[in-house]
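Student: Throw the hints in and build the complete structure from the sequences for me.
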Amino acid sequence: MWANTDTAQFQDCQVFQLISGRGVNRGETQEKPSGGPRPSIGVALSGGAARGWAHIGVMQALAEAGYVPDVIAGTSIGAVVGGCYAAGKLDALEEFARSLNRRRMFRLMDFDFRGSGLITGNRLADLLDRQIGGTEIETVFPRVVCVATEL
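This note's numbering numbers the first residue of the sequence shown as 1 and each following residue consecutively.
These are calculated hints, taken from the structure and not from any lab test.
Please read all numbers here as calculations on a predicted model, not as lab measurements.
A couple of the hints might just be wrong.
FRET-style restraints, in silico, Cβ to Cβ [unchecked claim]:
| # | residue 1 | residue 2 | range |
| --- | --- | --- | --- |
| 1 | Ser99 | Val58 | 15 to 25 Å |
| 2 | Phe111 | Gly66 | 36 to 46 Å |
| 3 | Phe111 | Gly36 | 50 to 60 Å |
| 4 | Arg38 | Ile119 | 11 to 21 Å |
| 5 | Phe111 | Glu64 | 34 to 44 Å |
Note that CB positions come from ideal geometry on N, CA and C, so glycine has one too.
Tutor: As structure tokens, this is what we get:
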């Protein structure tokens, strides 16, 4: 259990205020208290299969609050959400995610037990290519970094 001081520090956190609906500088770009240029903002989006769809709402909330990241790093579904955000296709991705049911989700899963992962992701990659194909990661803003590893 957190001590009262820890809870107070957590509630003062801008991300907590944003997620809880209290808002932080709604509609305004954040500036340093000195009035100088704002610090660089980076967002890291994790993997996690279907739980990763929550990143869509996080990116939308940040945008609504006036926060524009300079760089987005993501792995797995986090990389998909980050890439679609930078390509200006986050609304289309949200519509797609909301349309998924178990049957559609399983049709996207291409199981392969020969490699290091259970799902290759080729079907989802093909679908994304049809939706945002032609967009080069090197040309989008914010910059997007996709993190991958083979264990």
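Student: The structure should be examined with respect to each hint, and the outcome stated for every one.
Tutor: Outcome of the hint check:
{"no.": "1", "hint": "Ser99 x Val58: 15 to 25 Å", "verdict": "20 Å, holds"}
{"no.": "2", "hint": "Phe111 x Gly66: 36 to 46 Å", "verdict": "42 Å, holds"}
{"no.": "3", "hint": "Phe111 x Gly36: 50 to 60 Å", "verdict": "52 Å, holds"}
{"no.": "4", "hint": "Arg38 x Ile119: 11 to 21 Å", "verdict": "39 Å, violated"}
{"no.": "5", "hint": "Phe111 x Glu64: 34 to 44 Å", "verdict": "38 Å, holds"}
Checked against the numbered hints above, the structure violates only hint 4.
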